[in-house]
Amino acid sequence: MAKQEIIAMILAGGQGSRLGVLTDFIAKPAVPFGSRYRIIDFPLSNCMNSGIETVGVLTQYQPLELNSYIGNGHSWDLDRNNGGTYILPPYLSQEGNDWYKGTANAIYQNIPFIDGFQPSYVLILSGDHIYKMDYAAMVAHHIEKKAGATIAVIEVPWSEAPRFGIMDTDEHDRVIEFQEKPEQPKNNLASMGVYCFSWEVLREVLILDENDPGSKNDFGGDVIPGMIERGLDVFTWHFDGYWKDVGTVGSLWESNMDLLKEPSAINLRDRSWPVYSKNPQRPSHYFGPKAVVNNIAVTDGAEIFGEVENSIVGYNVIVEEGAVVRDSLLMPGACVKKGAVLTRCIVGMNTIIEEDVRATPDEPGDAFMSPLCEDDITVIAPGLVIRKGARIAGNSMVGPGHAKTHPDRVAESPNQVRREMELC
Amino acid sequence: MLTDAMGLILADNRRIQLGALNQPRALAAVPFAGRFRIIDFTLSNMVNCGIKRIGVVALTRYKSLMDHVGTGSWWDLDRMRQGLYLIPPYINPVTRAPDRTDAQGIIDYVESGDQKYVFISASDYVSNVHYRPLLDSHKASGADMSVYYARDGKKESALSLAIETDEDSRITGLMVDFPYSASELNAFGLLVIEKDLLIRILTEMMARGIADFSILGLLQLYDRFNIRAVEHKGLLFRIYDIRSYFEASMSMLDDEIRRGLFSHDRPIYTKVKNEAPCIVSPESGHVDNVLSSDGCVIMGEVKNSVLFRGCVIGRNARVTNSVLFQDVQISEGVVLDHVIVDKNSVIKMGGRLLGQPGYPIVIGKNSIV
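Those protein sequence lines, which keep their order, are chains A and B.
So the first sequence is numbered by our numbering: it starts at 1 and just counts up by one.
So the second sequence is numbered by our numbering: it starts at 1001 and just counts up by one.
No lab work stands behind these hints: they were computed from the structure.
Be a bit skeptical, because a hint or two may be false.
As the list claims (entries may be wrong) - Quick list of the computed label-pair ranges, beta carbon to beta carbon: (1) B:D1265 / A:H406: 51 to 61 Å; (2) B:R1015 / A:D24: 55 to 65 Å; (3) B:D1265 / A:D79: 23 to 33 Å; (4) B:G1142 / A:K388: 28 to 38 Å; (5) B:V1176 / A:D258: 32 to 42 Å; (6) A:P364 / B:D1078: 51 to 61 Å.
Even for Gly, the Cβ is constructed at its ideal location relative to N, Cα and C.
The whole structure should be built from the sequences, with the hints applied where relevant.
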């Protein structure tokens, strides 16, 4: 393998359990976002646009969809002869390697992979944030400061600081203390989960961490605090721009809606910094003669014959005449039939909403209610059929399990597998 | 899977003029249906039939075509063995004029392939067509060449290749662009021939000093060779002038036609642009019966129209019965009816362009109106 100055490692093995049924069968980074993207398109595109062409993607939880989505990396121009994308699942070995125990352990297990490229710097990225960042600028700052580790931070309102990992710094951007979700924050600089390390330093730290029986082998919880404690050079790099963790139902919905509310914030139309994605190769989208559309984002293969307002419409979605969709996310391949009314819904891939279904916050009943849902947002899992005339209240989370408990309202889609194949 | 066949696409047709639309680009590179080019259909048809070696013969203005097809990766034609071959014209290094050796590039391409059959396609039609029936019929009949036809001879007013056939479907007569043709059998640009015979014909052509290689030229040999005609019954859109182009574009608004042409089983592939999703903004007017594409921002009213990738429709603008190519900008308050606007053009504030059904106004590439 040829030497690479910088390589990136994307942590894409997380389950994203707070997204509930949306991640039952796929890893969080593979969850659809913004009509035509998956979450992982953002870090992958950032790498490409920053000139980083060697990217390891660490997978663990439900990797099938993610693996087939990334493929050989061609969609991001990451099918390189030198470098490119590498899917890195956990593996067994003589020393008894096992599942990735934590984020740091995942990188530890891949030390031989990284060594192969003899990089000077390694970026550690998480696969579940929506943002556009020039990693090259961050690495330049890292070099200038002669840092061992550089942590990208973003200013958050003081009131929200207790929700984040907070970096307290001196006037030279050196980190003096790391506080995980502090009640009394000493600063308002939140860690974005984007780290740049000098490989020599990180390699050593990872081995120490692995040999520490008390460690949970986590970057945020163990490795970074350990480095600060030992007085290693840890600096912050300030990012200001759009950044959102889409780990919860509420934040996933909100971040999608941001594309409509303030399209300039993430600015997907910037041709100098394109966000790449795998293309479904379908015809352009179509608005029927009686369609009423207002404030929506929509992409290839979608056909809208009904009314859609304030919504994000994925590829190959069909909204039939007489259906009404408001404030919702329709993920790729979803179908909303005649007379159905959806408000504040997230409809998973290839799910069929049959005729006259009503899923709106004003419907009574709590059969599908879930603590993961808030603000009247309802989540309907991928690959389901919501039966004709079914009623679903706000804050519901409808999953494949309900096909057994509520067969009158929910069924599993019979052609799910076939349609998935088409979409890939 | 047609593993024993290669493809040959003729990107130009000297008989066809689409005015401002194919002035800057080869016919095959003319945009169609929101995000495609005419050649996408032929390339995808070939690939979907299992053809993995495809030559594209360009005559002039092929920059746009080469940009579009690139390495062929969008059609999975970026291969170590086989794949996509661009065959540009040769220029004589001494006279600097196009050389009589025009056909030599085609001969070299055909000769170096292992396949027995060559499918030759023109770029004057759009269809999702299966090649297998043509080849099966060709093999069964023992013909020298076999060509597809459709029964639209009477309907087509302009360019046509009306054929007469005997009871074995062998071509016995050919009328070119004859408006009073008695035959409704109208050949179109898709023909299969054995490699060795094609090389023989091409070599003879060169020896006789005939520079133009076309489907028509091959069909004109019907009295020397056994050429069979095979009916194609599926969707077919012939592109031979502005009017037919416009009508074919508008028929993409029909659900049945669109779903038939862009079937899930046999997708039509094209170059990927990575544009943002299309946004229909809160201040937009009615948007109905519209095929629009990624990267568009619709703030005005749009009806019965096709928008290519990256079009911007300003506030209070009214676009009806029109086709807007990539990155066209329609400013505030503009009114367009029956207009084709080519790539990158800008219609500035207050503009009113009203064409007539059947006679759309055409605004050339990079124009500012």
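Each hint tested on the structure:
1. B:D1265 / A:H406: 51 to 61 Å: 35 Å, violated
2. B:R1015 / A:D24: 55 to 65 Å: Holds - the Cβ-Cβ distance for R1015 (chain B) and D24 (chain A), about 58 Å, lies within 55 to 65 Å.
3. B:D1265 / A:D79: 23 to 33 Å: 26 Å, holds
4. B:G1142 / A:K388: 28 to 38 Å: Taking Cβ atoms as reference, G1142 (chain B) and K388 (chain A) lie about 57 Å apart, which means the hint is violated.
5. B:V1176 / A:D258: 32 to 42 Å: Because 59 Å falls outside the window, the suggested range is violated.
6. A:P364 / B:D1078: 51 to 61 Å: 57 Å, holds
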